[in-house]
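Protein sequence lines, in the order shown, are assigned to chains A and B.
This note's numbering puts the first residue of the first sequence at 1, with every later residue one more than the last.
This note's numbering puts the first residue of the second sequence at 1, with every later residue one more than the last.
In case anyone wonders, no lab produced these hints; they're calculated from the structure.
Remember, it's a predicted structure, so these values are computed and weren't measured experimentally.
Positions of the beta carbon are idealized from the N, C-alpha and C atoms, including for glycine.
Take these hints with a grain of salt, some might be off.
[What the hints assert, rightly or not] Output of the computed footprint for chain B on chain A, the stretches with three or more beta carbons under 8 Å from beta carbons of chain B:
| hint | segment |
| --- | --- |
| 1 | 129-139 |
| 2 | 229-242 |
| 3 | 281-294 |
| 4 | 304-314 |
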Amino acid sequence: MNSLRDFFVSRRLTLGVLVLAALVLVACDGGPGESWPGVTANADTNVIYVANNKSVVALDALSGEKLWAEDYTYEEALFFAVPVGDNGTVFVGDYEGRMHAIDATTGEQQWVYEPERRMIAGPISPDPKDRVIGSVAVSEDAVFFGLGSRNVTAVSRETHEELWTFETDHGVWGEPLYFDKTETAPATLYVVSLDHYLYAIHTESGDQLWKLDLGGAAPGGMTYDEERNWVYVGTFVSEIVAVDLDAHTIVDRVKVSDWVWGRPALQDDILYVGDLGGNLYAIPIVDNRFGEFADIDIADGGIRSTPVLTDGMVIVSSQDKHIYVVNKELDTVEWSEKTKGEALTEMVFVPSGEEGQAGLIVVGTSDNDQKVVAFDYDSREEVWRYD
Amino acid sequence: MLDIVINPFITILLFLYQILGGNVVLSIVVFTILVRLATYPLTHKQQQSTKAMQELQPELKKLQEKYKNDRERMAQAQMELYREYGVNPLAGCLPLIIQLPILLGLYRAIVATLAATPLQLLNLSGRLWVPDLSSVVPLENKFLWLNLAMPDPLYVLPILVVATTFLQQKLLMPTTSSNNNQNGSGNETADQAAQMTKNMMYFMPLMFGFFALSFASGLSIYFIASNLIGIGQYALMGKINFRQALGLAPAEDENEAAQPTPAAKVKPEAAEKPKRSEVSAFAPKPKRGKPKREGIYDSRAQRAQAKSRTKG
Numbered sequence: 001m002n003s004l005r006d007f008f009v010s011r012r013l014t015l016g017v018l019v020l021a022a023l024v025l026v027a028c029d030g031g032p033g034e035s036w037p038g039v040t041a042n043a044d045t046n047v048i049y050v051a052n053n054k055s056v057v058a059l060d061a062l063s064g065e066k067l068w069a070e071d072y073t074y075e076e077a078l079f080f081a082v083p084v085g086d087n088g089t090v091f092v093g094d095y096e097g098r099m100h101a102i103d104a105t106t107g108e109q110q111w112v113y114e115p116e117r118r119m120i121a122g123p124i125s126p127d128p129k130d131r132v133i134g135s136v137a138v139s140e141d142a143v144f145f146g147l148g149s150r151n152v153t154a155v156s157r158e159t160h161e162e163l164w165t166f167e168t169d170h171g172v173w174g175e176p177l178y179f180d181k182t183e184t185a186p187a188t189l190y191v192v193s194l195d196h197y198l199y200a201i202h203t204e205s206g207d208q209l210w211k212l213d214l215g216g217a218a219p220g221g222m223t224y225d226e227e228r229n230w231v232y233v234g235t236f237v238s239e240i241v242a243v244d245l246d247a248h249t250i251v252d253r254v255k256v257s258d259w260v261w262g263r264p265a266l267q268d269d270i271l272y273v274g275d276l277g278g279n280l281y282a283i284p285i286v287d288n289r290f291g292e293f294a295d296i297d298i299a300d301g302g303i304r305s306t307p308v309l310t311d312g313m314v315i316v317s318s319q320d321k322h323i324y325v326v327n328k329e330l331d332t333v334e335w336s337e338k339t340k341g342e343a344l345t346e347m348v349f350v351p352s353g354e355e356g357q358a359g360l361i362v363v364g365t366s367d368n369d370q371k372v373v374a375f376d377y378d379s380r381e382e383v384w385r386y387d
Numbered sequence: 001m002l003d004i005v006i007n008p009f010i011t012i013l014l015f016l017y018q019i020l021g022g023n024v025v026l027s028i029v030v031f032t033i034l035v036r037l038a039t040y041p042l043t044h045k046q047q048q049s050t051k052a053m054q055e056l057q058p059e060l061k062k063l064q065e066k067y068k069n070d071r072e073r074m075a076q077a078q079m080e081l082y083r084e085y086g087v088n089p090l091a092g093c094l095p096l097i098i099q100l101p102i103l104l105g106l107y108r109a110i111v112a113t114l115a116a117t118p119l120q121l122l123n124l125s126g127r128l129w130v131p132d133l134s135s136v137v138p139l140e141n142k143f144l145w146l147n148l149a150m151p152d153p154l155y156v157l158p159i160l161v162v163a164t165t166f167l168q169q170k171l172l173m174p175t176t177s178s179n180n181n182q183n184g185s186g187n188e189t190a191d192q193a194a195q196m197t198k199n200m201m202y203f204m205p206l207m208f209g210f211f212a213l214s215f216a217s218g219l220s221i222y223f224i225a226s227n228l229i230g231i232g233q234y235a236l237m238g239k240i241n242f243r244q245a246l247g248l249a250p251a252e253d254e255n256e257a258a259q260p261t262p263a264a265k266v267k268p269e270a271a272e273k274p275k276r277s278e279v280s281a282f283a284p285k286p287k288r289g290k291p292k293r294e295g296i297y298d299s300r301a302q303r304a305q306a307k308s309r310t311k312g
């Protein structure tokens, strides 16, 4: 009975603490405290670049040996973005809107762009911090990147200052596409946004050239089809959309089962793309239209990354903590291998360069003990891991 | 487990967003109102139970004084008192516990649909009961100076969250608790409860203020809407004395506090109940009906008691 009385006494406090504890737990779920590793490779030097949490790391692609690591002491310098290497410099944006330029050989920071914020008094500013979630596009003079909540920014590679900001109505999470000027067109940056639009932006002025409603949010990047001058985009209305960059029109669209986040991979006029329902599709392009596609329900979790294509095989990673190797007809899963964490980030295939050996599949995972893992394509054994 | 709650909430929120012209703030406010209405029976029961427990505080205090050296007998007497008044002391908790997953679901739905981070957006996939609503994902995050997926850089919303949470706590804080606390009569339980309530009155606003500082400002909109709607809801139920809570009218005096809380505002018949001092806890008990099965607040039993006592 005493305990019952005590219960009454502490009831309010207990319930209050319960509510608050639950709110804290829930708030942390998928919150800014978590990120997935962005993985990319330099095929010429066989170096893997990994951006994760507060570090950017360079690893030897074949051995996994750490070549250099740049650790940041910012309060919140989380990296979601995939680093991009260009001419000896690695560019990667962080979770406070900064853009880092790092020497690709030594890991030393060359420069950092930090967005200017107007301060009213003390820490009070009308400009909220924004996040860089997608990777960058690079021209000779500038670095272009989207921000998590809205807008695209161009930063000068020479002065490291902002050149312009292009306004979008929602976040830009995918990698922009940059095209140098031609005889008929100015240098143009293409971005897709969560606001449903594909934008063509004049890279010198930052002005909009044209825009096109895709019908749904486009969180990933675009895949460029050089032969047709088209781009392919996946959307959250479960569609793959083909856009003609010359005509500024949607050429065709195909409906799939679930939301598409990953960028499609293109080979021999066939698009390979996964959806967040765990399905993989092979969509042929026939007579400048989408043909009848093949699909396979392969994973129990979403496929967010872009499929990696090797000779005759399609490799995908999944939220269900597996990588899958499927033949290109999508009728046979050749093999699958378990990863320790959810494999949501882009994968890299590193050719071994030796006769009779295919190479390594490198994938990032959400598990701290296996941030990046490399599997031998032939033996399926784990060759190295970075944690 | 929470998916049962979160998924329909996400679907409803997106549906509201679609039909309300893509106004995310309006959607959150309407959504909060709908959830408040849906949980009204639970809130009402909880209020009744809390009120019934409040009314019993003077009686409990007397029992504690009477049996301060015999805890076992005091416990028996308390149980008897609860039975007599048809009050289930645990009944106040149950509605709160049932509401907890609803509140969490609401919270998660707002966070997920604003898609502040990639993992939150990823978490949204497969949750829509109406696939057509995919076309409105994610919600527009721009409102006035705010990016609803980010904390308010001007700190206006956190201040409003703290203020409205405090106001709600203050308005709903039982006045008897404070009186009991002041009278220094040795009612340890009541004093502790009052102190606890008082602590929560300051603790809760600060905690929610911290949330508002740290998380998406869309959530702050929800907190503010929820607080204001809560205050309005209780005001409509006639359970808020604004003048007293705001210090514009004197608090109830000790004598008033020592008697069962006048229930006339809520149940006129209960106000006829005589002061407990006139009827000992162990005086011959009036006949009463079978205790109500769920017994949160048995008004029939009270009516019968009041009637028989008045006759007696």
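Status of the hints after comparison with the structure:
no.	hint	in the structure
1	129-139	holds (count 4)
2	229-242	holds (count 3)
3	281-294	violated (count 0)
4	304-314	violated (count 1)
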